[in-house]
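If you read the protein sequences in the order shown, they are chains X and G. Note that our numbering has the first sequence beginning at 28, numbered continuously upward. Note that our numbering has the second sequence beginning at 28, numbered continuously upward.
Careful, some of the hints might be misleading.
Repeated chains share a single entry, so a pair holds when one copy, or any two copies, can fit it.
[Unchecked claim] Below 25 Å or equal to it, Euclidean Cα-Cα: the simulated DSS-like pairs (lysine-lysine) are:
hint, residue 1, residue 2
1, 185, 54
2, 148, 217
3, 185, 219
4, 148, 29
5, 217, 185
6, 203, 129
7, 54, 203
8, 79, 185
9, 91, 185
10, 122, 35
11, 218, 54
12, 204, 185
13, 129, 210
14, 79, 29
15, 91, 219
Derived by calculation from the structure, the hints in this document are not laboratory data.
There are 2 protein chains.
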Amino acid sequence: MKKSLGAKTLVYPCPDWIVGTYDENGKPNVMAAAWAGVCCSKPPCITVSLRKATYSYGCLMHSKAYTINILSEDQLVEADYFGIASGRDEDKFAKSGFTPVKSELVNAPYIKEAPLILECKIIHTYEIGLHTQFIGEIMDVKAEENVLDSEGNPSIEKVRPIIYATGDREYFSIGKKLERAYKVGMPMAKKKE
Amino acid sequence: MKKSLGAKTLVYPCPDWIVGTYDENGKPNVMAAAWAGVCCSKPPCITVSLRKATYSYGCLMHSKAYTINILSEDQLVEADYFGIASGRDEDKFAKSGFTPVKSELVNAPYIKEAPLILECKIIHTYEIGLHTQFIGEIMDVKAEENVLDSEGNPSIEKVRPIIYATGDREYFSIGKKLERAYKVGMPMAKKKE
Chain X
28 MKKSLGAKTL
38 VYPCPDWIVG
48 TYDENGKPNV
58 MAAAWAGVCC
68 SKPPCITVSL
78 RKATYSYGCL
88 MHSKAYTINI
98 LSEDQLVEAD
108 YFGIASGRDE
118 DKFAKSGFTP
128 VKSELVNAPY
138 IKEAPLILEC
148 KIIHTYEIGL
158 HTQFIGEIMD
168 VKAEENVLDS
178 EGNPSIEKVR
188 PIIYATGDRE
198 YFSIGKKLER
208 AYKVGMPMAK
218 KKE
Chain G
28 MKKSLGAKTL
38 VYPCPDWIVG
48 TYDENGKPNV
58 MAAAWAGVCC
68 SKPPCITVSL
78 RKATYSYGCL
88 MHSKAYTINI
98 LSEDQLVEAD
108 YFGIASGRDE
118 DKFAKSGFTP
128 VKSELVNAPY
138 IKEAPLILEC
148 KIIHTYEIGL
158 HTQFIGEIMD
168 VKAEENVLDS
178 EGNPSIEKVR
188 PIIYATGDRE
198 YFSIGKKLER
208 AYKVGMPMAK
218 KKE
């Protein structure tokens, strides 16, 4: 018997991605966003939702671009700080010690120290309510060589992305490898009904 | 120095959520979706993207509603099977042994055996490209009592949701608790520039 918990955003897992933008004066800014995910394979697209009150909201509306920076769990202090402070009040790059790198593909900076980053051009904006959704086409993915696996893909076990648990507002690390997708369920798929 | 990997959906973590729908004849169906995330706090909303070719796509267009079912890593075989087979060819509930429960709030079934489920009413549809995005307003969240923590929230450590790694198409479990959000970065936020 399930217990009703009400109309809330209680769902797992959520990411903890860092959105990189330039403001009107070209100052690089970053903020943490958990309301985000992939939303299309072709063109490859990401969706991220921000509140209008955030400084980044104005930056995205102005620059029509953003980066998604995936930090490692070793960079949790910086990731959390990016979700606490506002670029309206301070230079978050300066205070964190991270280095902004100007993307050559979109009008947004990425974090040099991030193991994995995506450069995105905004192709659609939708006002939902408290949050506005920004769909960005992924123009390129860049990764540090030391997080690539033997097939040249970024390894989730080497990136060690931060996972956000909305209910208790806690961060978690990635756990153990379970099984290969489109394989472990194959015997059930082949079973006669 | 970062290596360019091209315009791909290489980003971590992604969820492995099971989307529940009814088809035109009222047959309950489920499919796995990794292109998904939260997209608004007020109203609380989820976004999930499906390819037009899927059987569920027609179900969502018809029923204007869906459930998001978060399975535990113990239910990985069923979760993977739901991403392999099509409801066009078979009854995935029957074959998996899972039980459909008719939602009293939206026109969609949820999985009785899932530890955590969300009942969603579609409020917006957007054709991106290969995928179509369905924004669903969360009408209620329901959880098994045994996954609730002392504060009444679903505990991610008890739910043990499946995490999907897109690059290598592998499933991962949730790892260890790191730190509390909006707390671990506070000393950096309070530091003078």
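Each hint, compared with the structure:
1. Neither within a single protomer nor between protomers do residue 185 and residue 54 lie at most 25 Å apart by alpha-carbon distance, with minima of 31 Å and 42 Å respectively.
2. For a Cα distance limit of 25 Å, the shortest separation of residue 148 from residue 217 qualifies neither inside one copy, at 42 Å, nor across copies, at 33 Å.
3. Taking the shortest Cα distances, residue 185 and residue 219 never come within 25 Å of each other, neither inside one copy (40 Å) nor across copies (33 Å).
4. Only between protomers do residue 148 and residue 29 lie at most 25 Å apart by alpha-carbon distance; the minimum there is 20 Å, versus 42 Å within a single protomer.
5. Proximity of residue 217 to residue 185 under the C-alpha cut-off of 25 Å is found in neither arrangement, the shortest distances being 34 Å within a copy and 31 Å between copies.
6. When the C-alpha separation of residue 203 and residue 129 is checked against a cutoff of 25 Å, the pair qualifies neither within a copy, at 35 Å, nor between copies, at 34 Å.
7. Proximity of residue 54 and residue 203 under a CA criterion of 25 Å is satisfied in neither setting, with 39 Å inside one chain copy and 36 Å between copies.
8. In this assembly of identical chains, residue 79 and residue 185 lie within 25 Å of each other by CA distance neither inside one copy nor across copies; the values are 34 Å within and 34 Å between.
9. Within a single copy, residue 91 and residue 185 get their C-alpha atoms no closer than 31 Å, and across copies no closer than 40 Å, so neither meets the 25 Å cut-off.
10. Proximity of residue 122 to residue 35 under the C-alpha cut-off of 25 Å is found in neither arrangement, the shortest distances being 34 Å within a copy and 31 Å between copies.
11. Only between protomers do residue 218 and residue 54 lie at most 25 Å apart by alpha-carbon distance; the minimum there is 20 Å, versus 58 Å within a single protomer.
12. In the homo-oligomer, the alpha carbons of residue 204 and residue 185 lie at most 25 Å apart both inside one protomer (12 Å) and across protomers (18 Å), since each shortest distance falls under that limit.
13. For the homomeric pair residue 129 and residue 210, neither the shortest alpha-carbon distance inside one copy (41 Å) nor that between copies (30 Å) is at most 25 Å.
14. Taking CA atoms no more than 25 Å apart as the test, residue 79 paired with residue 29 passes in neither setting, with 35 Å inside one copy and 32 Å between copies.
15. Proximity of residue 91 to residue 219 under the C-alpha cut-off of 25 Å is found in neither arrangement, the shortest distances being 51 Å within a copy and 31 Å between copies.
Taken one by one, the earlier hints fail for this structure at numbers 1, 2, 3, 5, 6, 7, 8, 9, 10, 13, 14, 15, listed in ascending order.
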